[in-house]
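Residue strings, one per chain:
2 protein chains.
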Amino acid sequence: MSKTMLTIDGLQYSNWSREIFEQMREGGLDAVHATLVYHETTRETLTRLGEWNRRFEAYPDLIMPVHVPQDIAIAQASGRIGIILGAQNCSPIEDDIDMVEVMRDLGLMIMQLTYNNQSLLACGCYEAEDSGITRFGRQVIREMNRVGMVIDMSHSAERSTLEAIEISERPVIISHANPESFHPAKRNKSDKVLKAIAESDGLLGFSAIPSI
Amino acid sequence: MSKTMLTIDGLQYSNWSREIFEQMREGGLDAVHATLVYHETTRETLTRLGEWNRRFEAYPDLIMPVHVPQDIAIAQASGRIGIILGAQNCSPIEDDIDMVEVMRDLGLMIMQLTYNNQSLLACGCYEAEDSGITRFGRQVIREMNRVGMVIDMSHSAERSTLEAIEISERPVIISHANPESFHPAKRNKSDKVLKAIAESDGLLGFSAIPSI
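Protein chains in written order, with the working numbering: chain A, 1 to 212; chain B, 1001 to 1212.
Quick caveat, the hints were computed from the structure, so don't treat them as lab data. Possibly wrong hints are sitting among the right ones.
Label pairs and their calculated CB-CB ranges [unchecked claim]:
#  : chain 1 : residue 1 : chain 2 : residue 2 : range
1  : B       : P1060     : A       : P60       : 32 to 38 Å
2  : B       : E1127     : A       : A58       : 36 to 42 Å
3  : A       : T41       : B       : K1186     : 49 to 55 Å
4  : B       : K1186     : A       : R135      : 47 to 53 Å
5  : B       : G1027     : A       : R135      : 40 to 46 Å
6  : A       : E44       : B       : G1027     : 38 to 44 Å
7  : A       : E44       : B       : M1005     : 41 to 47 Å
8  : B       : R1146     : A       : E26       : 27 to 33 Å
9  : A       : N117      : B       : S1014     : 40 to 46 Å
10 : A       : S181      : B       : G1079     : 35 to 41 Å
11 : A       : P210      : B       : G1050     : 23 to 29 Å
For glycine and all other residues, C-beta sits at the position ideal for the given N, C-alpha and C.
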């Protein structure tokens, strides 16, 4: 049966290996949003990128980097998994807006503005209070829009998420979380957030972690 | 008169500005090897790259980055200066061979293995003794060859330069120095080195600094 769609895993972290990539291919995946970093600094993020460069060199028959959307179709046509690198937090840019473009040039395609806690950009879902998108956060959202880096609010709190959707001129995604109406949890998303995501032409990826 | 050649400045450092780029264009330059860093760390090098990204954004009518040789012809055809970024020392890669590819991905096209002093890779021209290319240096030369980053030995000592030419499978350049036979100075190059550079299909760019 010839494929007519692209099958993309919305987020994975893994102890990456040939075996894992072979399993992904056997499972029919065309691309995966792969977590590059959680809390690493800018310099540490480069080390993680170096590890991915070694993987791309070691497994050219199985994986290739995705730097533009068309790369996913190329991956599919060549029977490989397209790797869409993403950060689960904004630590790769530290406090330096110039690092948004530098990281995009290196292939960081997706970045969460927060991971559970308050960041320099926004508030995470486990803080007691959510004061919304910060002053620096507003600038970073505009810069991510400019260079083409996807804003992911999976681990963010409600007000910050709604404000990010409002400020961003491009769709915002929630790559991995579940509807709060299915299961109440701070990591899950209210109907209000899901409606705003839908109206921004964004997407929700379900999370299979039992605790949420 | 239509141009039939590409005119490239072998190396410049400057307090870059619109005025400087306009002067370069009036002078008929198609491209310039522009110094990105001297002794900056990996992280600091990213800050310098961020500054260049801002210049590319501010002066799109005057400059563009060169990431492949064809970009120089594109710069010429569009009346702009192609910017070929280079490091005067190997500090951007610190002690991490993975940073060669990361820096190449960010547009660092040329790197000197040393700047006057001993480095982790080779010996500079002002050291009392030159023990040649180091163990790490041999690996970095091969990696620079693999990813397509030009080896520049302008500020290196004689034995290290000859060994780099011997080890490298691609041409080695001396972007800025003068023949020792014109003017004796530690920064200048012996006939032996110039002959080896020529035999590697490399190049020598003259330096207009009075002291050398």
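- Task: Note whether the CB distance of E44(A) and M1005(B) lies within 41 to 47 Å or breaks it.
- Result: holds, 45 Å
- Honestly, do G1027(B) and R135(A) meet the 40 to 46 Å range at C-beta? holds, 43 Å
- Item | Hint check for G1027(B) and E44(A) - Cβ pair distance inside 38 to 44 Å | holds, 43 Å
- Message: Given a hint of 27 to 33 Å, does the C-beta separation of R1146(B) and E26(A) actually sit inside it?
- Response: holds, 31 Å
- Message: Within 23 to 29 Å: is that where the Cβ-Cβ distance between P210(A) and G1050(B) falls?
- Response: Distance hint for P210(A), G1050(B) is violated at roughly 42 Å.
- Item | Outcome of range test on Cβ distance (P1060(B), P60(A); 32 to 38 Å) | The hinted range 32 to 38 Å holds for P1060(B) and P60(A), with Cβ atoms some 35 Å apart.
- Task: Starting from the hint 36 to 42 Å, judge whether the C-beta atoms of E1127(B) and A58(A) obey it.
- Result: holds, 38 Å
- Query: Falls inside 40 to 46 Å, the C-beta gap from N117(A) to S1014(B)?
  - Reply: holds, 43 Å
- Beta-carbon spacing of T41(A) to K1186(B) - inside the hinted bounds 49 to 55 Å or not: violated, 39 Å
- Query: When you take the CB atoms of S181(A) and G1079(B), is the distance between them in 35 to 41 Å?
  - Reply: violated, 59 Å
- Query: Holds or violated: 47 to 53 Å for the Cβ distance of K1186(B) and R135(A)?
  - Reply: Once the Cβ atoms are compared, 52 Å apart, the range 47 to 53 Å for R135(A) and K1186(B) holds.
Against the hints set out earlier in the document, violations occur for numbers 3, 10, 11.
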